[in-house]
Amino acid sequence: MLMKLALRNVRRSMRDYAVYFVTLTLGVAVFYAFNAIEDSRVLFEAQEGAANVFLASGASIFDILAQVMTYFSVVVAVVLGFLVLYANRFVVRARKKEFGTYLLLGMSPRQVSSVVLMETLIVGVIALLAGLGLGFLISQAIAFATAGLIGVAISDYHLLFSTRSAELTLGCFALIFVVVALFNAVQISRCKLATLLSANSRNERMPVRNPIVCLIVFVLSCLILAKAYAELNLDGLVYFGEHFRTATALMLVGTLSLFWSASGFFILVIQRLRGVYFKGLAMFTMRQISAKVNTAFVSLWAVTVLLFFSIVVFSTGFSLATVFSDQLEENTQFDTSIRASLMALDISDMEAVPAEQYGGEEAKAAAIQEVEAQRNEIHRLWQENGGSTAAYLKSLIPDWDERVTGSAQVDTWLANDLTNKQLADACGFTLAQIGSDDNSSMADEGVQYVSLSQFNAARQLAGEKPIELATDEYLVDNTIDKSTDYAKALGQKGRTITVDGHELTASGQVVSQSLQVSSMSCLVAVLVVPDELAADRFAAGDLPYLSELNVNLASDSQEQAMKDLMAEYGKAVPPSDELAEMGWTYDSGAWPVSYYDTSESVIADSMGLKLLLVYLALYIGFVFLMTTAAVLSVQQLSEVADSIPRYRLLAQLGCDRAMVLRSLRTQIGIYFVAPLLVAGCHSACTISVLYENLLSLWGASAVTGTLTIGIALVVAVYAIYLASTYLVARSAVTSGAGKKLLA
Amino acid sequence: MTMVTATPPAGIANAGTSDNRNVLLSVRDVRKVYGSREAITRALDDVSFDICEGEFVGVMGPSGSGKSTLLNCISTIDTVTSGNIILSGLDITQLRSRQLSKFRRDDLGFIFQDANLLDTLTGFENIALALTIKGEKADAVRAKVDSTANMLGVTDVLQKYPRQMSGGQRQRVAAARAIVADPKLVLADEPTGALDSRNAAVLLETLEVLNAKLHATIMMVTHDAVAASYADRILFIKDGKLFNELRRGDDARTDFYQRILEVQAFLSGKQGDSPAVGFAPSHAGAPRN
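Chains H and E, in that order, give the protein sequences. Position 182 (the first sequence) corresponds to 182 in the working numbering; numbering is contiguous. Position 188 (the second sequence) corresponds to 188 in the working numbering; numbering is contiguous.
Among the hints, a few may not be true.
[What the hints assert, rightly or not] Below 20 Å or equal to it, Euclidean Cα-Cα: the simulated PhoX-like pairs (lysine-lysine) are: (1) H:K279 / E:K134; (2) E:K102 / H:K279; (3) E:K102 / E:K184; (4) H:K279 / E:K144; (5) E:K144 / E:K213.
Quick caveat, the hints were computed from the structure, so don't treat them as lab data.
Next up, chain H with everything else stripped away, as it sits in the complex:
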């Protein structure tokens, strides 16, 4: 009997349940689809070219994805739980009178609660099934998107259903339903019959605010937000220090006070504009919005903050993903780079550290001595082998020539007599303009240079033509977008600079030639100079800052070939017990192999990161966005339900359908767009700072494209909710005010 009533109620209050249902369905679908990503691994891991799927560490991309998705799913589940509770609360509130009638007719509170519980269950089960169905479809689409993102073709496609994800989804939402059911039961049992019956919902207090106070607070809010933007700019989203914390706090406070005062402020303005104020239903529309904004300013604030997050996550996630894949080609021109980091052996840094950190003066002295010994050993080998990594490795590994088809060493030297800051100043640039600042360690470091012969050898290994330089000429190699202008200025034909005692003139050539395998471009206006500079330094017994040997391998499987090669190397240079325990097969402290990167692993890492960024951005961004849109929608619909008598009155006074609906459109539009606008301003500021300081550094010229995609997605989801809210509201108003009146 109760079941019958519940079923009929669901059918009847379809409209009340619509937003609740849509939100639940989308939530389930997204939750399932993203947790199912892991199980699409079967499509890829057995495929040809599947190396792309495995990271340098040997783990599959999907292991990491699964882990990260699970972590974030907890956040998502909590957010969705709150959303479901929130939406449900409005459904119950809208029907209080009905519940009161049940009680009056003699049903017990327990029976009423169980009717509501059944209704929740019916809607929940339908939404769960619909959501799983939709999620199943989405997860197929995601599998193909994955294939596109990591560049692996699916040859053996079959439909995927992830039992694991389905179980997780069912479990999560079952829990949410239990909470909702409990919440409803408590809410109904706590209500007095009288309040249920007289619950004509218009008992919210409408705060009246002094317009002058509103004006002042509004102006203050704008100032606070301007200050927040300025602070954010100072931090640059690089340090996340004092400025960042101030900016965050100011942004939160400014946004809240903005919503607190906005309606008062705009009313003040609009009242001065007679042409607007005294036109049709403008007064009514304005007061409706202001009443709602005044009572709901806290939730508008929360919505704006969430919206801000989702916009930033959406757009920067995509942008970063593009950055990584854009640079991939130029950063994987060789099979592998074997690196010797030599700058870590500087004992002056160690001397500056207080002795306590080493556990006493003696320990410190011992540590310094150890590093000195290491340095001396490296120095000896370096000198003995004439600085040639390849020659030394060849002497240790007998079949080196069979394993390696070509190699090119690139040594990066730091000038002794010219710092980065001095050079930038001379060219009329500040360090900030090239992606650094005066406080960074780079400022007082010598400028980087490489020898022309090594540069050309690397170019030839990469299949490019060598570049000629006259004696005492230099050129500039730059792979970072941010410092392009600086590189051009530095390489301007005829500019003369003095590096390590040599006076050099710019040849006018500025090139972009990657000199190593790496996950990101990293050459900031490096000078390519005649060989004698490096020769002089070698003769003086100096070590370069960094020495890299770019190698092309005979085997197609780079990771495996390098593992074998390093095992061979490790026979001659065995790791310490400590290192061996950590999995090293050679002594990474010795010259010339500190570590190595293969193109294969760089590509896989980059793919993995890209996949992770894109999916996280989509997942988090979408859920947050949906949450905000749903909250706004629920608020508007309940507002409309409360306002039905007002619309009826307007119709009686002679407002026709067009006038009333125009007012309704304006109200819903403004209520939806206002948070989007504020969040949009915040995001624009944040993203531009991010672009200025980070994205451009990595050469994200394609950022605008992906930003557009991100914004388009946000607007699309938002528009769907706005449109459906309007349609539901329209039918509520026309039927509520009487079809005859608003025909």
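With the hints as your guide, set chain E onto chain H.
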């Protein structure tokens, strides 16, 4: 059924209101039927009467008599089953929906039982709304609202919200809203129903003033004899039929009140009772001494 003749033929009705005023509203043979063929409810059964320009007409009757249906039909909130309602030459039963809205905002003013002000708008805005939805020029709105408010004595509460006003103030603001746009006909539905007697008296006097000074034509539905005694003429409705008509003429209000009570007493008597001689068809019996 002698009382049926209480509804006079058109010609006689005009003769009855022969004081050189033009007929503003003409209700002709209006029927309103609810329900299916088996269970017909005749809410209005062949009702006909006229209201002249500048008249203050009361409509009385017990609950369920059809007086609210009549008001709803005239205000085009409800439609008639048959018959015609003509307001200054325009048959409003023939209007289409959009024209109906236009008719309501241009030609009618409403005063409801519970004021029915918009709670989110200030007093000023509630009154001004009647002008702005009509498309009044923005420059003229403030002056019109101010002068109307002044006349109804609600200038003090213009910047207040309805919940900050007393019941009487709310109802007078509603009256101001009803007349600010200068409608042809003001329809008042139990305007004193939610007021205490003192506030009711103030409002009724206000209506009297509107009628006398601004020559507003008012049709007021009420079941309160005191309220009705402020009108010039009273139409009694019972069981959907026009049953009787009283004219105040030059009677003092208290005398008129007594006569109303007598008719009421009769109306609430057993159905089928013959009317007392004093309550013969009104156009003949209306005193005009």
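Hints versus structure:
no., hint, verdict
1, H:K279 / E:K134, "9 Å, holds"
2, E:K102 / H:K279, "16 Å, holds"
3, E:K102 / E:K184, "13 Å, holds"
4, H:K279 / E:K144, "15 Å, holds"
5, E:K144 / E:K213, "16 Å, holds"
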